[in-house]
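Peer 1: So the chains spell out like this:
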Amino acid sequence: MNKKRVGVLALQGAVEKHMEMLKRAGADISLIRKSEHLEGIDACVIPGGESTTIGKLLVRNNLFKPLKQRIEEGLPVFGTCAGMILLAKDIQQYDQPRFQALDVEVQRNAYGRQVESFEADLSVAVCGEPVVRAVFIRAPLITRIGKTVTVLASFEGSPVLVRQNNILAGSFHPELTDDPRIHQYFISMIP
Amino acid sequence: MSEQLWSQRQTSTWRNKIGLAEMLKGGVIMDVTNAEQAKIAEEAGAVAVMALERVPADIRVEGGVARMADPDKIKEIQDTVSIPVMAKCRIGHFAEAQILEALKVDFIDESEVLTPADDLYHVDKHNFKVPFVCGCRDLGEALRRIGEGAAMIRTKGEAGSGNVIEAVRHMRTVMDTIRRLKNLPKEELMTEAKNLGAPYDLVVEVALTGKLPVPNFSAGGVATPADASLMMQLGAETVFVGSGIFKSNDPKPRAKAIVDAVTHFDDPKILAEISRGLGEPMPGIDVRQLDEKQLMSLRGW
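Chains X and B, in that order, are what the protein sequence lines are.
My numbering applies: residue 1 is where the first sequence begins, and numbers increase by one.
My numbering applies: residue 1 is where the second sequence begins, and numbers increase by one.
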């Protein structure tokens, strides 16, 4: 079987950790910094980082429109933390550039500042046993979720890992642990 | 919001501290002294701001004891921007650090830019929930700070100089030593640890992995997009810009250009484009004209 090629959006953020994890999960990887880098990719990861920074850089680098179009055409995309914010339809309080591809509303930094960042164990059915150790860093919270969005994991009653067709999004950072199962699940979403 | 008490969660583990540093990679962290500057930094695309009373260039000129910023100033900046807000404490001043943690700053910089409070010891940074960044001039200093609990390292450069030479020297020194350690047989590492003045376990880890165990950023002297690109090409993973933005004659376009330069640090065509029409950079100083008492980078033990 040919390896799938996953492009990691590399404008800013935890790019390196996603690359390491995608390699472990059996994908070829490339970096996306310009629109021509979208050619030939089978999927895309939008990493954690600062959503406002990544959003501005998407627009300034003329990447916003072509990537939005690819996502709308069905490109599998995985957004973590800031990546989830960038995929969300609505963001509480902030009107910042976003793809509006995932029918959720998010609240940025909902758990508080860095001293309130935390880890938790999550049951994730698509990953099986054992539980997934999840690292939440100045994490966003999903405050509304559309009917066509499937919840894959929850924490304290709120969805933290969701899927809507070709879009996977999480409010935590699977790339910061040694557990590649969520990345493997994402790669299994690539047709 | 959350029903569970904050203290019931396993908060601020080592992984979580380093995690925030990972999120700041490939970005620019800007020194700001008020809400208006913080807004300009955020608009330009900074990944975080460093709240302080005076930028290093002014500290250099005005002299006197440089201390932690006024909590009102930090609050004002926290209320203005949604990106992480960092603040500096004096070397060894753990009470300032405790106050900054109580103010919920996102990162504390135990910084040589402020006047040191202790001429022998740094803060025990493991003891805090908030992550710390510390400066270094060489690998030994970096590993001592990591041993004390720093979750991010920045090479010091010479703050407020507008001159990149010290930043280059410090980054090259750290990276050269890492490259050398990688090729040493294990029996030589204890003597290396002794010579570097670094914890043995961390020396072994660096020799095995070929990199620092925490993100490695660059500070002190970056004034232009080209400077930012230079530091990234030498191995920096993010760039701190202190006086370089708000001491230039047109901060807004310069701030934006330095952000773009970090993203495209290895693309000279884009760098050529973004380096145009930025006006005058901050006036620099030749660090050879500074005597030892004026060098901030020598502070730290």
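To be clear, the hints were calculated from the coordinates, so they are not data collected in a lab.
For each residue, glycine too, the CB sits at the ideal point set by N, CA and C.
Among the hints, erroneous ones may be present.
What follows is a list of derived Cβ distance ranges for each label pair [to be verified]:
1) B:A102 x X:G146: 32 to 42 Å
2) B:K75 x X:K68: 30 to 40 Å
3) X:I190 x B:K269: 31 to 41 Å
4) X:E39 x B:I165: 50 to 60 Å
5) B:M190 x X:V151: 14 to 24 Å
6) X:V151 x B:K269: 13 to 23 Å
7) B:P71 x X:E105: 50 to 60 Å
8) X:S30 x B:E43: 46 to 56 Å
Peer 1: State for each hint whether it applies.
Peer 2: Outcome of the hint check:
A102 (chain B) and G146 (chain X) have their C-beta atoms about 40 Å apart, which keeps the hinted 32 to 42 Å range intact. Distance hint for K75 (chain B) and K68 (chain X): a CB-CB separation of about 37 Å, consistent with the stated range 30 to 40 Å. Between I190 (chain X) and K269 (chain B) the Cβ separation comes to about 32 Å, which falls inside the hinted range of 31 to 41 Å. Taking 50 to 60 Å as the suggested C-beta distance range, the pair E39 (chain X) and I165 (chain B) does not conform, at roughly 41 Å.
About 52 Å separates the C-beta atoms of M190 (chain B) and V151 (chain X), a value inconsistent with the hinted range of 14 to 24 Å. Separated by about 45 Å at the C-beta atoms, V151 (chain X) and K269 (chain B) break the suggested range of 13 to 23 Å. Look at P71 (chain B) against E105 (chain X): about 33 Å separates their beta carbons, and that is not inside 50 to 60 Å. Range check, S30 (chain X) to E43 (chain B): Cβ separation about 30 Å, and the 46 to 56 Å hint is violated.
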